[in-house]
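*Asks:* In order, the protein sequence lines correspond to chains A and B.
In my numbering, each residue's number is its place in the first sequence (first place is 1) plus 2.
In my numbering, each residue's number is its place in the second sequence (first place is 1) plus 19.
Heads up, some of the hints might be wrong.
[Claimed, not checked] Pair by pair, the computed Cβ-Cβ distance ranges are:
1. Ser131/B / Val86/A: 26 to 36 angstroms
2. Lys172/A / Pro230/B: 20 to 30 angstroms
3. Ser77/B / Glu71/A: 38 to 48 angstroms
4. Asp232/B / Gly164/A: 56 to 66 angstroms
5. Ala171/A / Lys260/B: 41 to 51 angstroms
6. Thr398/B / Asn160/A: 38 to 48 angstroms
7. Lys173/A / Pro230/B: 53 to 63 angstroms
8. Lys94/A / Asp383/B: 44 to 54 angstroms
Read the hints as simulated data drawn from the structure, not as lab findings.
As the structure is a computational prediction, the values presented were derived from the model and not from experiment.
Heads up, the beta-carbon is just placed ideally off N, CA and C, and yes, glycines get one too.
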Amino acid sequence: MDNLIEIRWHGRGGQGAKTASLLLADAAFNTGKYIQGFPEYGPERMGAPITAYNRISNKPITIHSNIYEPNYVVVVDDTLLESVDVTAGLKKEGAIVINTTKQAEEIKKHLKGYKGEIYKIDARKISEQTLGKYFPNTPMLAAIVKVSKVMTDEELLNDMKGSFKHKFAKKPEVIEGNMKALEIALNSVEKI
Amino acid sequence: MSIRERLSGNEAAAIAMKQINPDVVAAFPITPSTEIPQYFSTFVSNGDVNTEFVAVESEHSAMAACIGAEAAGSRAMTATSANGLSLMWEMIYIASSLRLPIVMSLVNRAVSGPLNIHNDHSDAMGVRDAGWIMLFSENNQEAYDNLIMAHKIAENKNVKLPLMVCQDGFITSHSIENIELIEDDKVKVFVGEYNPEEYLLNKENPIAVGPLDLQAYLFEHKAMQADAMRNAKNVILEVSKEFEKMTGRKYSFFEEYKLEDAEIAIVCMNSTAGTTKYVVDCLREKGIKAGLLKLRVFRPFPADEIAKALENLKAVAVLDKADSLNAAGGALFEDITSAMYVNKKQVPMVNYIYGIGGRDTKSDDIESVYNDLEEIAKTGEIDNPYRYLGLRK
Numbered sequence: 003m004d005n006l007i008e009i010r011w012h013g014r015g016g017q018g019a020k021t022a023s024l025l026l027a028d029a030a031f032n033t034g035k036y037i038q039g040f041p042e043y044g045p046e047r048m049g050a051p052i053t054a055y056n057r058i059s060n061k062p063i064t065i066h067s068n069i070y071e072p073n074y075v076v077v078v079d080d081t082l083l084e085s086v087d088v089t090a091g092l093k094k095e096g097a098i099v100i101n102t103t104k105q106a107e108e109i110k111k112h113l114k115g116y117k118g119e120i121y122k123i124d125a126r127k128i129s130e131q132t133l134g135k136y137f138p139n140t141p142m143l144a145a146i147v148k149v150s151k152v153m154t155d156e157e158l159l160n161d162m163k164g165s166f167k168h169k170f171a172k173k174p175e176v177i178e179g180n181m182k183a184l185e186i187a188l189n190s191v192e193k194i
Numbered sequence: 020m021s022i023r024e025r026l027s028g029n030e031a032a033a034i035a036m037k038q039i040n041p042d043v044v045a046a047f048p049i050t051p052s053t054e055i056p057q058y059f060s061t062f063v064s065n066g067d068v069n070t071e072f073v074a075v076e077s078e079h080s081a082m083a084a085c086i087g088a089e090a091a092g093s094r095a096m097t098a099t100s101a102n103g104l105s106l107m108w109e110m111i112y113i114a115s116s117l118r119l120p121i122v123m124s125l126v127n128r129a130v131s132g133p134l135n136i137h138n139d140h141s142d143a144m145g146v147r148d149a150g151w152i153m154l155f156s157e158n159n160q161e162a163y164d165n166l167i168m169a170h171k172i173a174e175n176k177n178v179k180l181p182l183m184v185c186q187d188g189f190i191t192s193h194s195i196e197n198i199e200l201i202e203d204d205k206v207k208v209f210v211g212e213y214n215p216e217e218y219l220l221n222k223e224n225p226i227a228v229g230p231l232d233l234q235a236y237l238f239e240h241k242a243m244q245a246d247a248m249r250n251a252k253n254v255i256l257e258v259s260k261e262f263e264k265m266t267g268r269k270y271s272f273f274e275e276y277k278l279e280d281a282e283i284a285i286v287c288m289n290s291t292a293g294t295t296k297y298v299v300d301c302l303r304e305k306g307i308k309a310g311l312l313k314l315r316v317f318r319p320f321p322a323d324e325i326a327k328a329l330e331n332l333k334a335v336a337v338l339d340k341a342d343s344l345n346a347a348g349g350a351l352f353e354d355i356t357s358a359m360y361v362n363k364k365q366v367p368m369v370n371y372i373y374g375i376g377g378r379d380t381k382s383d384d385i386e387s388v389y390n391d392l393e394e395i396a397k398t399g400e401i402d403n404p405y406r407y408l409g410l411r412k
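Isolated chain B (complex conformation) (with noise of 0.2 angstroms):
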């Protein structure tokens, strides 16, 4: 049986990182995602996990540490948020790159400046061409979830790549709610050992880790990473399948609510979703034919997917909690319009940047949009696809 139990976003995922015991932890402290590692080295220090806990001395060394522990042969973990993922970008490719499988819970958090140190997506879609994969979650059980998840992903040997788990800073790191968590020893046995093929410390079967790689075979190793994020996908599937098995909780891709016959949807990560879903349910007792893809994966991207789910609707929205700022969309919207594209979907679609800087998106947001959705699905006119949700006039 599982354990109910109520904690805040953060502490589920340092209760994920205590079940999982990693072999080495390095971080350095940034708000919101600060109580993870404080939590951890609480663990530590009361011996309830056997984890090397490095207090580095900033997020460039503890992602350095991560790679030269995963390097060795050993299984690491780390926090972080905005600038603090920020000041690891040098380190986060080449983590991929090496496909070292750290697994980072990343609590989301406006990138810098002006200074700002509440929720928006800014800090995840800084890195979503960095070659790790990345996992949304829409509450603190999803965010749990994903992080017992997440080794099994990112070391199945088809794919060796790094893996961040994501949630939204403070609306659900500092929210205490419910949450189902399992225990201690199938979290032991799911998550298994882990057993690198190739690793530093081997001295039967030495390698070189990082060295210098020139015309002749950079690009053939960028195609293997991408061969790789590739495999990720069947392999996410899998290991969701098995945790399904084990929990009774269904993941996949991406969630599917009241979609199925839906009209008009909005396309959304992390809590948004959740505020979405009660949207949802209110407009549905009125008739109104609404619906929800709450995107759980976004890296790999699961393009072909995503174009198959949304082909019947006669408008879309999809919302980003980060602007891209070039003057044609987010980030979120313009894989799924490709998408559509190339899937030779024809679907109306607008696009809302929203929460900016932990702008509280209210039921009412959401439910304007829909009311857009009406519209659009009515007339098929979009006058501008680029929309702002929630913006002060």
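The shape of chain A in the complex, shown without the other chains (with noise of 0.2 angstroms):
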């Protein structure tokens, strides 16, 4: 299984994290990758912390189990990090990347001495001036495919512009605002 990455996602229900994990693989695929995105299905409600998962390879794919060892993670929500293990399993090579406004030794205390890079973002923000509204799932995105460079940025933004001007066939004043969203978010991650 040369160059597997996996990357799981922590979030909750209504914030985008599966739609996020499912463009990146739809991202990934586009770039001529092998890809697997899939959620954990579990009693989803509105509010409710859930996972998501992506792998990605040069090579196909034939585990079908979710992922305990991942090579990144992606936190959606900062309150996750109080009620769930995050880091749990994280390769120490690897990196988490987190939305939030917190500060480093804040964020530092819910990560259990994690040794890997640690990385935030305030993905609330850039949606809100891009955006007008909280969608954390674009800017998360970006922050993903920047730290884990599964792909460059300008694949990123090439491939998202076609997928945008699919997804938002009927409302395309909204094309505008994700792709500036994806653009202020892969040059606003900041390691920790």
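With the hints in hand, could you dock these two chains into one complex?
*Replies:* Structure below.
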């Protein structure tokens, strides 16, 4: 399994973590990769913790289980840090990306001494600035691409332009805001 | 050239149905197969197919509508899961005994109760003696390919039996993965027109369908059904060969993965076979001669072929994703041990009940089975052949 990258998403129902994982799978597929994108289905309700996964590889992927030792973790909602063990099994050569405005020390308190790289991004600010509403999944998608380097910034932007055109065929007015959110997010990921 | 796509297992099944463009689809939604009729009904509204879509009020009616459509002489399809299949139960047997080649997408889910929406094979195992051909699929690709092959197998005049294509609920039905699709026109030619020899709406040759059948003939009719199931074996191989010519993708009764020189092996079906391949590769790197037999055709059961494929192994584990609750072992285990016995093959075998109600099967779980098999291969000792994998203590 050369170059297999495994990503785990933690979010709350309604924030679009599942959609973000599917969009990442889509974008990676369009760069020629083998991909998996799947949520862990439970009794979903708005606001309940949810988990979604991605596998991305240069070779066909046959494994069909959840991901227990991810290379990367994305935390879409920082209130989950208190209730979910977000760094469980996370490889120390990997990284975690968190949507937060909290200070480094405060974040680290919840990460159980995780030795790998820690990144933060203020997805709320970016989303409210570009879309006028809180949709953290688009900035978080850009953030994980930046950190994991599964594709270049240009590849992501080009691909998402096409996806958004298709996805928002009936509301073209939101395409520009979403593209702007991606662009700003790509340059707003901060290592702590 | 085939079309490179990324689809969930449910999308793949719906696309296959679109390309097949059957005369009738009758279905009632149930998790996790709901998306199949949902996507298909969109194709109907958009005019992508000219299928008569019957939005029935229950699964019993879904199967009844398929039976009526097929008996009339048209091609009918449906999709369901778990309790939906349970509610079809009465009609499932009628479909096969009337020799109607209905094709069903069964997205496997645990049968209640208690209520659970996640994957295991208890729904499929409940109808294993109902006279349906049953194909299992490791991933979205196989769920799609098996559906494309389904009508050609089911409608063959030496078969004329209904057929279900199984895939794992959520694990493959809701996971987006790469897939190679076949062009619409090629599918159309491959599947062909349905021209049944006898059907209700043929006024030139009136027939009765489903009359009373008592002591004088039912036995003979059941024996004919059994013959049809035996005939299906060759037809499955022929259709698979023709499919391979079109796509390059090879199918048979089962896939032997690194089995030829293996000393220990796992037998399983559906998505777990993919996880097992990953583990086999890891073990091979350590010099452990592990292999896999992934069963695709569960009904008809290729007993002799399986016995031959497993005869030289030192130990085999059969994984059942449904417990038969019979104090003896799972359905697949019983079929395989029986196949070995009648073929006079003596190989140490153990059974693991696993993945019940969506319990995730990790690569570590599969590796632990191979560890057990190494021990059995060494000693030949099996203290308890009926075990659990991944059960919390």
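*Asks:* Against the range 26 to 36 angstroms, how does the distance between the Cβ atoms of Ser131/B and Val86/A compare: consistent or not?
*Replies:* 29 angstroms, holds
*Asks:* Given a hint of 44 to 54 angstroms, does the C-beta separation of Lys94/A and Asp383/B actually sit inside it?
*Replies:* 19 angstroms, violated
*Asks:* Quick check on a hinted range of 38 to 48 angstroms for Ser77/B and Glu71/A, using CB atoms only.
*Replies:* Holds - the Cβ-Cβ distance for Ser77/B and Glu71/A, about 44 angstroms, lies within 38 to 48 angstroms.
*Asks:* Taking the CB of Thr398/B and the CB of Asn160/A, does the distance hold inside 38 to 48 angstroms?
*Replies:* 60 angstroms, violated
*Asks:* Taking the beta carbons of Asp232/B and Gly164/A, is their distance inside 56 to 66 angstroms?
*Replies:* 60 angstroms, holds
*Asks:* Would you say the C-beta atoms of Lys173/A and Pro230/B sit inside 53 to 63 angstroms of each other?
*Replies:* Hint holds: Cβ distance 58 angstroms, inside 53 to 63 angstroms.
*Asks:* Does 20 to 30 angstroms hold as the CB distance between Lys172/A and Pro230/B, or does it fail?
*Replies:* 54 angstroms, violated
*Asks:* Is the gap between the beta carbons of Ala171/A and Lys260/B within 41 to 51 angstroms?
*Replies:* For Lys260/B against Ala171/A, whose Cβ atoms are near 43 angstroms apart, the range 41 to 51 angstroms holds.
Hint compliance for this structure: hints 2, 6, 8 are not met, and every other hint is.
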